[in-house]
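**Student:** Take the sequences, apply the hints, and build the full model.
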Amino acid sequence: MTLTDVARRAGVSVATASKALNARDEVAPATRRRVLEAAEELAFHPNALAKGLISGRTRTIGLLTDELGERFAFPVLLGIENALGNEQMCVLLCDARGDVIRRRHYIRTLLARQVDGFIILGDSNDIRPSLTRDIPVPVVYVYGESDDPADLSVLADDTGGARLAVEHLVSLGRRRIGHITGPETYRAARDRVTGLHSVLTEAGLPLAGGDPLYGEWSQRWGRHAGRMLLTADPEIDAVFCGNDQIATGVAETLLDLGRRIPDDVAIVGYDNWEVFAADCRPPLTTVDLNLQQLGATAVKQLFAALDGERTSGVIRQPCRLVVRESTGPVASLGGGRTGPALTRAERD
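Take the sequence shown: its position 25, counted from the start at 1, is 30 in this note's numbering, and no numbers get skipped.
It should be emphasised that the hints constitute simulated quantities derived from the structure, not laboratory data.
Predicted, not measured: the structure shown is a model, and the values here were computed from it.
By construction, the Cβ of each residue, glycine as well, lies at the ideal position given by its N, Cα and C atoms.
Be aware that one or more of the hints could be misleading.
Cβ-Cβ distance ranges computed for the label pairs, FRET-style [unchecked claim]:
| hint | residue 1 | residue 2 | range |
| --- | --- | --- | --- |
| 1 | T236 | L210 | 16 to 26 Å |
| 2 | V319 | D284 | 27 to 37 Å |
| 3 | T190 | A48 | 50 to 60 Å |
| 4 | R265 | G313 | 28 to 38 Å |
| 5 | H110 | G209 | 19 to 29 Å |
| 6 | E31 | A283 | 46 to 56 Å |
| 7 | T114 | R225 | 35 to 45 Å |
| 8 | E46 | A117 | 30 to 40 Å |
| 9 | G318 | L210 | 26 to 36 Å |
| 10 | V19 | A309 | 39 to 49 Å |
| 11 | S223 | V319 | 25 to 35 Å |
| 12 | E46 | T114 | 36 to 46 Å |
| 13 | R180 | D261 | 40 to 50 Å |
| 14 | S176 | N27 | 51 to 61 Å |
**Tutor:** Have a look at this one:
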């Protein structure tokens, strides 16, 4: 079926049928209804390629990542796909796997397919080389900051997320708070330490154990570092951990040493990785990066750029605190729920 068939069935011109199907204002409501009914009766579907040639848009976005297997990539991808699907747009996904030649090939391939714009997905919340000079359409970077300040990057706010975690512990009366995290080479680890120090300074509290314990993003490191921290400061009453794996390891060590969680020592993790956070003994209070929302925000910014509203710089997406039993009874802390709770805005 063609547009001509729809116009004939509705008793209007082809031009009027086109305007009605494209929701143009100059068509009377009754006429629009008649055209839409005719299109439905004939099972008519507009030719996307033809519409693209007319509008100059293909309604297709190129999504380029360097590490599709990275755990954090999938929630961001889901947020991107949902946001694009809501706008009836398609996404072409390419995984360069960290290879420069493969990345250049995919950029050329996506441009040959006439994508309207690009989303570049990072494999960490860190700085990455800009690719914009090779791409003549709008580009947004997500979960990875372009090193070109003229680009637009959407990141998780790790400093703010750490503030949520430590403010929560301070609000519970914890005064000997230690910190165990991943490699110092990770920007996320450093940013979380920045947020930690800012809250402790405001509260007039020292960092228990003297310094952050940098190591691996693993349970094994959490178990080992937990013993180190308790040896350095036996009076510790809370541990803020750089991720949920570390927090789970710390919890294991505390229980092995006869410390009660959260009565003796409260624990807060990071990432809200369900396989660790929900299954930990006890379940972990943790910081959720809102990764799906991060992807949706990247799409929103790309749409704005496609409409001519290009911006630059960095957008830091707020995190949220998910309260579970590792910091106290959920009923008294979070209203009996394990969803978003006690954000800074809510407390203020």
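**Student:** If a hint holds in the structure, say so; if it doesn't, say that too.
**Tutor:** A quick look at each hint next to the structure:
1. For T236 paired with L210, a C-beta distance near 20 Å keeps the hint of 16 to 26 Å intact.
2. Distance hint check for V319 and D284: the Cβ-Cβ separation is about 34 Å, which falls inside the suggested range of 27 to 37 Å.
3. Distance hint for T190 and A48: a CB-CB separation of about 57 Å, consistent with the stated range 50 to 60 Å.
4. Checked against the hint of 28 to 38 Å, the pair R265 and G313 fails, with Cβ atoms roughly 59 Å apart.
5. Taking 19 to 29 Å as the suggested C-beta distance range, the pair H110 and G209 does not conform, at roughly 56 Å.
6. Between E31 and A283 the Cβ separation comes to about 55 Å, which falls inside the hinted range of 46 to 56 Å.
7. Against the hinted window of 35 to 45 Å, the Cβ-Cβ separation of T114 and R225 comes to about 41 Å, which satisfies the hint.
8. Distance hint for E46 and A117: a CB-CB separation of about 38 Å, consistent with the stated range 30 to 40 Å.
9. As the Cβ distance of G318 to L210 is approximately 33 Å, the hint placing it in 26 to 36 Å holds.
10. For the pair V19 and A309, the supplied restraint of 39 to 49 Å is violated, since their beta-carbon distance comes to about 33 Å.
11. Look at S223 against V319: about 29 Å separates their beta carbons, and that is inside 25 to 35 Å.
12. Distance hint check for E46 and T114: the Cβ-Cβ separation is about 40 Å, which falls inside the suggested range of 36 to 46 Å.
13. R180 and D261 have their C-beta atoms about 24 Å apart, which leaves the hinted 40 to 50 Å range violated.
14. Hint check: S176 to N27, Cβ distance near 54 Å, so the stated range 51 to 61 Å holds.
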